Structures are given as C-alpha cells and as structure tokens.
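Visitor: Everything in the sequence shown is counted per my numbering, starting at 1 for the first residue and increasing by one.
Because the hints were derived from the structure by calculation, they are not lab data. Since this is a predicted model, take the numbers as computed values, not measurements. Any given hint could be a false lead.
As the list claims (entries may be wrong) - Dumping the calculated SDA-like pairs for lysine to any residue here, alpha-carbon to alpha-carbon at most 20 Å:
1. 239 - 57
2. 84 - 26
3. 84 - 103
4. 61 - 71
Stated by the list, open to error - Using C-beta positions, here's what the derived DEER-type ranges look like:
5. 138 - 101: 34 to 40 Å
6. 101 - 262: 34 to 40 Å
7. 134 - 252: 19 to 25 Å
8. 208 - 102: 21 to 27 Å
Virtual Cβ for every residue (Gly too), placed ideally from N, Cα, C.
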Amino acid sequence: MDLWQAIILGIVQGITEFLPISSSAHLILMPAVTGWSDQGVGFDLSVHVGTLLAVIMYFRKDVTALLTDGIRSIPAGQNVGHSKLGWMVVIATIPACAAGVFLLDYIDTVLRAVWVIITTTVVYAVLLAIADKWGRGQRQLTNIGLLDAVIVGFAQALALVPGTSRSGATITAGLFMGLNRETASKFSFYMAIPITLGAALIKLLSIASDNVAVDWNGFLIGGIASFVTAITAIHFFLKWLNDFGMWPYVIYRLVLAAVLYWVFV
1 MDLWQAIILG IVQGITEFLP ISSSAHLILM PAVTGWSDQG VGFDLSVHVG
51 TLLAVIMYFR KDVTALLTDG IRSIPAGQNV GHSKLGWMVV IATIPACAAG
101 VFLLDYIDTV LRAVWVIITT TVVYAVLLAI ADKWGRGQRQ LTNIGLLDAV
151 IVGFAQALAL VPGTSRSGAT ITAGLFMGLN RETASKFSFY MAIPITLGAA
201 LIKLLSIASD NVAVDWNGFL IGGIASFVTA ITAIHFFLKW LNDFGMWPYV
251 IYRLVLAAVL YWVFV
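Please model the complete structure; the sequences and the hints are all you need to start from.
Guide: If you want it as structure tokens, here you go:
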C-alpha cells in the first residue's frame, strides 16, 4: 500500500465512520473508482484504532465520568452521577454484539451485495429524513432509559447490514424515541466506543490467528489519517447540527446511492 492510498482510505474511513452516510458504501465504491486492491485486515485494524481513539479523545471527560460512575455504582447498588447513562450504553451495545456473533458470516457474504447496499442507503436516508422532520423531541441524555437503550441498540444491530450506517441508524432511532438532535447524536457516539473496540479486537485476533503480515507504515499512516479526520468530523457534525439538521446527510445518501447504481448496476 502506497502513502496516498493509506491517507485517502484513512480519511474516507475517518469521515464516514461517525457521519450518518455509511462507511461500507464508501469502502465498496473506493476500489471501483481508484482501481485499488483490498486494503487488508491490518489496515482495517489501523483505521478502527484511529476512529476509536478519536471518539474517546473528543468525549474524554464524558467517557471518564461514565466509566468511573458506572464502577462506583456497582458496590453502591444504586445510580451514582452519570452511571445510569453508562449502563444504558452497555445495554444498547448488547444487541449488536449478539447479532455479530450469530450473523456476521451471513452479513459479510450474502448481504455485501451491491443491491443490498444501494437499497439500505436509500431506505435509511428516507427514515433519517422522517425522523428529523417529525420524530425528534426535547428529551436529553438524563432522560434516556431502558426502552431507549434497547430500541437504539437494536438499531445498531441492524446497522451491521452494509449500507445502513451505524451512526445513521442509531441517530434515527433516537430521534424517533423523542430525543433531541444533540442527545441522539451524543448517545450514538458513546455507543460507538464499545462496538468499535470490539471490532478492533476482532481484527487483532484475526491478524494473530492467521499470522497476517502487517504493513506497519500503512498501519500508522492510515490510523493517523482516520484519527484526525474522525475527530474533525465529530466536531463539525455537532457544531452544525442545529443549523442544518440531518438533511445534508439525507441528500448525500441519495446522491451516493445514485452513484453506486450508476457504477455497479
């Protein structure tokens, strides 16, 4: 992998991982546009590590509070500080973990078809538009309860289907549950931490068990590129959230689906 390939793929992954525009749709499009071969599991690990560090760094104060208060709540036997929200993040992670264990092979083979990605890109664009227009309410992070965690968690599990977008599905579900834009988005970002950590560990185990050779230069460059772009994407997404809402991403998804159809069908 050359320098520019690592940088460009890292940038693409860093931006699309947290914006509601589907990273899988972009990663299937990139080889067709550039003619590049598959980047390999080692590079996939690097960009997962980069995006994981980005979301932890950006929300470092929140993450520290959720972790420490969650741990303190166990011996206390009751909610402590931000522990309730921390446990809601844990509960919301369970459906995607279960779906990944039992359905990952099916998802990585049968559901990676281009027509599936185009369909989910369009369907979730429409759902996001409806949720942003009529679904959102005024509920905040302190109002998130068990039902919210379960519903948004199942949305995250559905996002394992390529083209869906993890952030897109979870933000859509949060808006339908009456969360305001910022709350739905932040809860989605918090949920990204355990699921991205899990994905990185799976990639690491795959490298270790299959004795895969790692291009360490590409690993480092891709990780840095994904980290910088991911933390930038999170910042500007939240900064512009109330000014523009979800409509720029809805329109982008529809255009992306049209491009995918034109290129592959």
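Visitor: How does the Cβ-Cβ distance of residue 208 and residue 102 compare with 21 to 27 Å: does it lie in that range?
Guide: 23 Å, holds
Visitor: For the pair we were handed, residue 239 and residue 57, check the Cα-Cα distance against 20 Å.
Guide: Holds - the C-alpha atoms of residue 57 and residue 239 are around 17 Å apart, at most 20 Å.
Visitor: Does 34 to 40 Å hold as the CB distance between residue 138 and residue 101, or does it fail?
Guide: 36 Å, holds
Visitor: Holds or violated: 19 to 25 Å for the Cβ distance of residue 134 and residue 252?
Guide: Since residue 134 and residue 252 have Cβ atoms about 21 Å apart, the given range 19 to 25 Å holds.
Visitor: Taking 34 to 40 Å as the stated bounds, is the beta-carbon spacing between residue 101 and residue 262 within them?
Guide: At roughly 36 Å between Cβ atoms, residue 262 and residue 101 fall inside 34 to 40 Å, so the hint holds.
Visitor: Checking one constraint from the list: CA of residue 84 to CA of residue 103, max 20 Å. Satisfied?
Guide: Given pair residue 84, residue 103 is violated - Cα atoms ~30 Å apart, limit 20 Å.
Visitor: Residue 84 and residue 26: Cα distance at most 20 Å?
Guide: It is violated: about 35 Å lies between the C-alpha atoms, which goes past 20 Å.
Visitor: Quickly compare the C-alpha distance for residue 61 and residue 71 to 20 Å and report which way the hint goes.
Guide: 16 Å, holds
When the structure is compared with the earlier hints, violations turn up for hints 2, 3 and for no others.
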